[in-house]
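Asker: Sequence:
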Amino acid sequence: MVSGLLAVDIVLLISWQVLDPLQRKMETFPLESSPFGDDDARIRPELEHCESVHNSIWLGLIYSYKGIILVFGLFLAYETRSIKVKQINDSRYVGMSIYNVVVLCLITAPVTMVIASQQDASFAFVALAIIFCCFLSMALIFVPKMIEVIRHPKDKAESKYNTDVGMSKEDEEKYQKLLSENDELRKLIVAKEEKIKVLKQRLAETDALKGGSGNVPKDSLIVADFVTGEGTSDSAIETDQVG
Numbered sequence: 001m002v003s004g005l006l007a008v009d010i011v012l013l014i015s016w017q018v019l020d021p022l023q024r025k026m027e028t029f030p031l032e033s034s035p036f037g038d039d040d041a042r043i044r045p046e047l048e049h050c051e052s053v054h055n056s057i058w059l060g061l062i063y064s065y066k067g068i069i070l071v072f073g074l075f076l077a078y079e080t081r082s083i084k085v086k087q088i089n090d091s092r093y094v095g096m097s098i099y100n101v102v103v104l105c106l107i108t109a110p111v112t113m114v115i116a117s118q119q120d121a122s123f124a125f126v127a128l129a130i131i132f133c134c135f136l137s138m139a140l141i142f143v144p145k146m147i148e149v150i151r152h153p154k155d156k157a158e159s160k161y162n163t164d165v166g167m168s169k170e171d172e173e174k175y176q177k178l179l180s181e182n183d184e185l186r187k188l189i190v191a192k193e194e195k196i197k198v199l200k201q202r203l204a205e206t207d208a209l210k211g212g213s214g215n216v217p218k219d220s221l222i223v224a225d226f227v228t229g230e231g232t233s234d235s236a237i238e239t240d241q242v243g
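For the sequence shown, the positions run 1 to 243 when the numbering used here is used.
It should be emphasised that the hints constitute simulated quantities derived from the structure, not laboratory data.
There's no promise every hint is true.
Claimed, not checked - Within a straight-line C-alpha distance of at most 30 Å, the following computed BS3-like cross-link-like pairs (lysine-lysine) qualify: (1) K195 - K145; (2) K195 - K210; (3) K187 - K197; (4) K174 - K187; (5) K145 - K66; (6) K210 - K197; (7) K187 - K210; (8) K192 - K210; (9) K200 - K187; (10) K174 - K192; (11) K210 - K200; (12) K187 - K177; (13) K200 - K177.
Construct all of the structure, not just a fragment, from the sequences and the given hints.
Answerer: In structure tokens, the structure reads:
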């Protein structure tokens, strides 16, 4: 991913330099009086720029490409907002970082175009904007993690991979409901096993009363317990009528 984005930047810059190379341009200003008080001398300020013929178009292409990357970052942050692991869920902080970058870009770009003739002011404004933007973005990403480590220094390293950490209230309720249902089903299974055991004992006693023949009459019916959607049915044993 990073190499792909770097390749796109390289292609844009090479295309810019080949198709519309940067050139040295001189901007002249009106004559000014000499700071030394010499009435016979005048000073004409000059400012050198490095620009191309279609400089605004190329800058617009680069700004558009970077804007698309920021939008894609917002999309990824939105898609990963429901990650249960608290230590790696940075969607909120990533969104805040992108918001700060967009705001600073919207402020810095037009201001630098307006004060382009003031070299020192333009350089200072752009440098401070870049430093503040990078510092704020790194602070939003790493400071919360550092605070978490300082608050819980004795936590095990594998705890950050525990899916129970940061579980939402809704998931907690579902988990408790599943536990209660599991307990009820376990009790129901134990009760059914007891009934089956009793039925087997009754069946053995019936066989013993018939002389231990071991042959179950054809018209005898054994109905075992089973769980249905409406409830459970009781066991029944029907034996032959003594003729």
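Asker: Would you mind marking each hint as holding or not holding in the structure?
Answerer: Quick rundown of the hints versus the structure:
Simply put, K195 and K145 have alpha-carbon atoms about 57 Å apart, too far for the 30 Å limit, and the pair is violated. Of the pairs offered as hints, the one joining K195 and K210 holds, with about 23 Å between alpha carbons and a cut-off of 30 Å not exceeded. Note on K187 and K197: the hinted pairing holds, with a Cα-Cα distance of about 16 Å set against a maximum of 30 Å. For the proposed pair K174 and K187, the alpha carbon gap of about 20 Å is at most 30 Å, so the pair holds.
Using a Cα cut-off of 30 Å, the hinted pair K145 and K66 holds, with the two alpha carbons roughly 27 Å apart. Distance restraint check for K210 and K197: the Cα-Cα separation of roughly 20 Å lies within the 30 Å cut-off, and the hinted pair is therefore satisfied. For the suggested pair K187 and K210, the alpha carbons sit about 35 Å apart, so the restraint of at most 30 Å is broken. Annotation: proposed proximity of K192 to K210 holds, straight-line Cα distance about 27 Å (limit 30 Å).
Of the pairs offered as hints, the one joining K200 and K187 holds, with about 20 Å between alpha carbons and a cut-off of 30 Å not exceeded. About 27 Å separates the Cα atoms of K174 and K192, which keeps this hinted pair within 30 Å; it holds. Note on K210 and K200: the hinted pairing holds, with a Cα-Cα distance of about 16 Å set against a maximum of 30 Å. With a C-alpha separation of about 16 Å, the suggested pair K187 and K177 falls inside the 30 Å cut-off, and the hint holds.
A C-alpha spacing of about 35 Å is found between K200 and K177, which places the hinted pair above 30 Å, so the restraint is violated.
Consistency with the previously given hints fails for numbers 1, 7 and 13, ordered from lowest to highest.
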